[in-house]
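Trainee: Residues per chain are reported as follows:
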Amino acid sequence: MNDTTDCKPLRQRTLRWVLLEFLGSMNLAITLLVVVAVASVIGTVLQQNQPYPGYILKFGPFWFEVFRQIGLYNVYGSGWFMSILAFLILSTSVCIYRQAPVLWREMTQFRTRVRLDSLRGFHQQAEWQLRHREASIVQKTLGEILKTRGYRWHIEDHGDHRVIAATKGRFSRLGYLCTHAAVVIIGIGGLLDGNLWLKFKEWSGDLRIETRDLAARDLPPESRLAPGAVPAFRGNVMLPEGATANFVFLRVRDGFVLQELPFAIELKDFQVAYYDTGQPKSFASEVLIHDQEHLGSQPLAATIRVNHPLVYRGYAIYQSDFGDGGSKLEMQVWPLIAPRTQPVAARGEIGNALKIGGPSAPLTLELNEFRLFNLLPEPSAQPGDRKFRNFGPSFSFKLRNPAGEAQEYFNYMAPAQLEGRWFYISGKRTQPAGPFTYLHIPADTQNSPERFLRFNARLRDREWLREWMERSPAPGNNPDFQHDFNQVRLNLIELFTQGGFIAVTEQAKAVVPAGRLKEATTLYLNILRDTLADVFIQVLHDEGMNVEQGISDQEEAFFNDAISALAALADYGSPFYLQLTGFQQVEASGLQVTRSGGTAVVYTGFALLIIGIFVMLYTSHRRLWIWLADEEGATRLVLAGVSSRRLVEFAGEFSELRTALEKQIND
Amino acid sequence: MSVTREVMLEQQWEPSSFSQRFSSLDGLWALLVMAGSIYIWWLYRSYMDSYEIAIQAGSTAALIAWGVYWKPARPFTLVAAALTALALWRYDATYELRLSDFWLKYFLESQAAFMWMSALYVLATITYFAAMFTRSDFAGKTATALTWCATAMGLTGLLVRWRESYLLGADIGHIPVSNLYEVFILFALITALLYLFYEDRHRTRSMGGFALLVISGAVGFLLWYTFDREAHHIQPLIPALQSYWMKIHVPANFIGYGAFALAAMLGVAYLLQNWAGTRWPDGQLARVLPPLHLLDDVIYKAIALGFAAFTLATILGALWAAEAWGGYWSWDPKETWALIVWLNYAAWLHLRMTKGWRGAPMAWWAVIGLLVTLFAFLGVNMFLSGLHSYGTL
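Chains as they are written, first to last, in the working numbering: chain C, 1 to 667; chain Y, 1 to 393.
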């Protein structure tokens with residue numbers, strides 16, 4: 001792109017001229033390049049096209065509105081950004097418009113009208129006075145030298161002198177045209193594939209963005225696009241296994257519209273494969289394309305994988321996401337704070353909410369996610385020792401109280417072995433993205449959480465505890481003392497089950513003078529521990545175990561784990577433990593369907609750009625002028641040259657040419 | 001631009017006709033590369049699809065052209081190939097041998113090779129600076145030799161790592177340009193080769209210290225990444241990266257990054273020389289630093305090469321995106337930053353080629369350009385989330 005603003009002769013300053021001059025100026029072009037670069041940064045710093053409530057939380061209502069008005073949530077689709085791009089395209093077009101005729105002349109014409117002075121002013125020039133040489137012979141020698149170097153030339157006789165104009169690599173000039181045309185072509189193709197069509201339809205009133213959370217079938221016709229209504233779109237649909245859809249959703253700002261497809265996609269099966277390390281290896285959707293018009297009753301079967309889209313009738317279908325398509329779960333609901341020991345069976349589907357907890361403390365159970373595998377780093381592995389273990393199926397759910405506050409839980413189906421013992425693991429968190437804190441419920445000899453839950457239920461059953469204590473008084477205690485002692489024991493257990501060990505020590509702090517605190521706390525904890533052990537032994541006895549001879553190490557370890565779990569229950573926050581007992585997995589595959597009418601245009605631009613850049617940077621248009629004049633028995637020879645690029649290389653080439661010429665004419 | 005006589009003399013002038021350039025030695029080189037390539041294809045053909053065979057054929061042609069265009073590429077390629085062959089022969093089919101076989105453990109296992117590469121690059125950097133200040137020809141030659149050795153070890157390490165990934169499991173095997181650790185090695189190698197090319201063509205070692213400084217920086221990052229983050233383990237490819245496009249998109253990108261990095265380091269040298277030259281025109285510093293006209297020329301050449309390679313890489317990336325992400329352009333942060341880098345250097349080239357800007361402002365711009373490039377290369381992965389962060393899928 002030559003800047004000709006400075007050297008053009010003065011012309012009449014018409015509006016057209018001023019406009020062309022402004023749009024085609026190098027300064028504007030460079031400014032636009034920099035402005036596009038800087039404006040592009042915004043969209044990478046602020047995450048684009050997120051749900052609007054997130055932005056409100058981040059910026060507050062005032063700034064949210066300001067940023068919304070200037071289109072910061074979709075910078076690259078905003079009017080002002082599009083205008084800058086359009087300006088860049090326009091400016092480049094004007095450059096081409098002004099430069100193309102000049103370049104064409106330089107490529108096709110030999111400039112034989114040159115002045116001797118101007119040749120002498122070239123950087124690359126040489127001059128000789130050749131005695132006893134006729135110009136015509138010199139000219140013949142010159143012709144040979146130029147020919148071997150691949151120059152084309154043209155001679156013009158001006159009477160007193162002749163001018164040879166030679167040229168080589170003139171197509172190098174095309175590099176400029178290719179690159180700049182490529183920028184325009186890519187820009188136009190990109191605009192064709194952008195959201196201009198949607199914007200236009202919305203502006204003309206044909207289309208309304210739907211912001212309500214509606215199912216596809218409930219969507220009003222003004223929020224639907226018929227097949228072919230727009231030449232370019234990118235839409236998504238989440239298909240559960242076995243489901244069929246003949247539409248995709250296009251996300252627009254804080255809402256969406258529905259794009260109908262001229263065919264239907266049925267998801268037969270969705271498969272995720274894993275490496276041994278636990279990382280996903282492949283995501284694959286087995287689909288059937290139903291298209292009565294083009295395929296008849298025989299659907300087209302295909303597998304869509306990441307990097308392997310299916311292109312059907314100009315629509316490209318990609319694997320882009322996955323999720324749960326409504327897996328069916330069977331659960332046992334174990335009460336944790338009520339003295340009952342029997343679980344209640346429950347069934348649910350991922351994505352659904354169940355009422356749970358009865359009228360006194362109603363809760364909503366939202367089933368969020370089911371996972372078939374949980375490949376996690378081996379907990380006992382040394383750092384750097386890359387071992388993984390499959391912890392098996394899990395599900396996550398939220399318990400929401402009537403005030404709308406929710407806690408999230410993550411429960412594994414099967415017990416996991418940690419340090420040689422087996423635990424049912426349940427994670428809990430109150431912050432949406434916070435870390436989970438885990439409850440480890442020891443599994444009993446039947447590999448079930450039942451013993452722990454029965455133990456827990458006994459501890460919360462004040463009536464049973466009282467009866468049990470009265471039934472088995474310690475021998476030798478007088479009845480009054482026994483009664484007081486039982487009361488203390490009952491209170492300690494209640495404190496413990498409500499608030500763990502901390503509640504017990506806090507209580508001690510509240511009632512015991514500071515001087516005897518340590519002694520008293522130890523006493524309390526010992527009494528509590530002994531009582532818990534006695535209840536535990538009773539639970540084992542009720543199971544039918546013979547506990548006359550004391551308990552085994554295994555039971556003792558269970559007891560210790562149970563006490564830890566009981567203490568942790570105070571913070572668990574759920575009145576239930578949900579045990580997953582059965583499932584039927586239904587996966588869903590997120591498919592992206594796109595249509596981009598401008599692709600061929602853009603790819604043409606890509607090809608031109610690559611060719612253009614290499615031609616422009618690595619070839620050059622070299623021109624030589626030779627002035628030959630007969631002067632009183634001698635011949636004056638002036639050689640001058642210029643190159644469009646690669647000046648250093650040309651300087652070498654010129655000096656080599658000069659040496660060769662000297663050698664030839666001196667022979 | 002005025003071309004002074006000294007600039008011309010620095011240029012190694014070669015006659016331009018193709019037949020003159022293509023000697024019988026070139027023919028031998030071409031045959032050797034083709035034979036090697038066919039042998040490699042025969043060995044590993046079961047892993048390759050038609051696209052990958054096409055890429056191999058293209059790379060073979062490119063390697064032949066490279067060796068013809070620049071002679072030192074030949075011994076370099078042959079040494080790296082021989083070392084790799086030795087390593088593969090020692091390995092046979094047992095990955096665990098890397099801990100027991102003497103040759104593998106201390107020299108050729110990829111991790112060992114990278115350690116050699118790292119040490120040699122750092123040594124070369126020091127030697128280049130020593131050569132510059134002492135004006136010792138011997139030290140200069142040593143520095144060049146060290147750089148060549150480091151680069152050969154690095155390339156060997158990458159090639160061996162490629163094989164190692166297959167030894168870990170046929171489904172894990174992939175070209176080692178798939179994560180930040182691996183591409184940092186690629187970056188060091190390509191930057192070094194670009195530098196060595198300009199050193200050879202301009203017959204001067206005065207730029208070496210500056211070029212090697214950025215490579216040593218990369219080595220420093222690599223060592224931290226290895227020992228602190230344990231990032232050197234070979235990881236299987238996530239589904240999004242399982243494509244033949246990776247084999248061409250990533251290397252093309254790193255030619256761009258390497259060339260821009262080289263230009264920026266020479267920009268630093270330019271600014272230093274400019275400062276020293278005005279402050280103490282006859283001082284020691286102005287004498288040992290590379291001359292301005294040379295720096296100016298090489299900065300331009302590096303940026304031009306980087307721009308061409310980066311354009312190609314971005315277009316290849318767009319074609320890949322059209323196959324993987326549903327469109328050739330998604331305004332993903334990495335894509336957008338690639339565009340920013342491209343626009344930045346496009347503006348630089350326009351100013352230089354049409355406005356004729358030269359000197360300190362352009363050197364400053366080349367240095368700042370590296371910051372932009374560095375953000376596109378590293379910052380996007382570290383600070384911004386998007387498709388290139390390879391989150392869930």
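Honestly, the hints are just simulated from the structure, not real lab data.
Ideal placement from N, C-alpha and C gives every residue a C-beta, glycine not left out.
Among the hints, erroneous ones may be present.
What the hints assert, rightly or not - In silico lysine to aspartate or glutamate, DMTMM-like type, Cα no more than 25 Å apart, as pairs:
1) C/281 x Y/137
2) C/140 x C/656
3) C/387 x Y/230
4) Y/355 x C/321
5) C/387 x Y/228
6) Y/71 x C/656
7) Y/355 x C/106
8) Y/355 x C/656
9) C/428 x Y/228
10) C/281 x C/202
11) C/387 x Y/49
12) Y/334 x C/656
Claimed, not checked - Which stretches of chain C does chain Y cover? Using the computed rule of at least three CB atoms under 8 Å from a CB of chain Y, they are:
13) 101-113
14) 215-225
Trainee: All the hints need checking, so say for each whether the structure fits it.
Mentor: Here is what the structure says about each hint:
1. The hinted pair formed by residue 281 of chain C and residue 137 of chain Y fails the criterion: a straight-line CA distance of about 54 Å is larger than 25 Å.
2. Between the alpha carbons of residue 140 of chain C and residue 656 of chain C the distance comes to roughly 19 Å, so the proposed pair stays at or under 25 Å and holds.
3. Our distance criterion of 25 Å between C-alpha atoms is met by residue 387 of chain C and residue 230 of chain Y, whose separation comes to about 15 Å.
4. Note on residue 355 of chain Y and residue 321 of chain C: the hinted pairing is violated, with a Cα-Cα distance of about 49 Å set against a maximum of 25 Å.
5. Of the supplied pair hints, the one linking residue 387 of chain C and residue 228 of chain Y holds, its CA atoms being roughly 19 Å apart against a limit of 25 Å.
6. This hinted pair checks out: residue 71 of chain Y and residue 656 of chain C have alpha carbons roughly 22 Å apart, not beyond 25 Å.
7. With a C-alpha separation of about 20 Å, the suggested pair residue 355 of chain Y and residue 106 of chain C falls inside the 25 Å cut-off, and the hint holds.
8. With a C-alpha separation of about 29 Å, the suggested pairing of residue 355 of chain Y with residue 656 of chain C is violated against the 25 Å cut-off.
9. Of the supplied pair hints, the one linking residue 428 of chain C and residue 228 of chain Y is violated, its CA atoms being roughly 32 Å apart against a limit of 25 Å.
10. A threshold of 25 Å between alpha carbons decides the hint, and for residue 281 of chain C with residue 202 of chain C the separation of about 41 Å lies outside it, so the pair is violated.
11. Note on residue 387 of chain C and residue 49 of chain Y: the hinted pairing is violated, with a Cα-Cα distance of about 32 Å set against a maximum of 25 Å.
12. Between residue 334 of chain Y and residue 656 of chain C the CA atoms are separated by roughly 47 Å; this puts the pair beyond 25 Å, and the hint is violated.
13. Coverage of the stretch 101-113 of chain C by chain Y is violated in this model, with 0 residues showing a Cβ closer than 8 Å to a Cβ of that chain against a need of three.
14. Requiring three or more residues with a Cβ within less than 8 Å of a Cβ of chain Y, the coverage given for the stretch 215-225 of chain C is violated, as only 0 such residues are present.
Going through the hint list in order, the structure does not satisfy hints 1, 4, 8, 9, 10, 11, 12, 13, 14.
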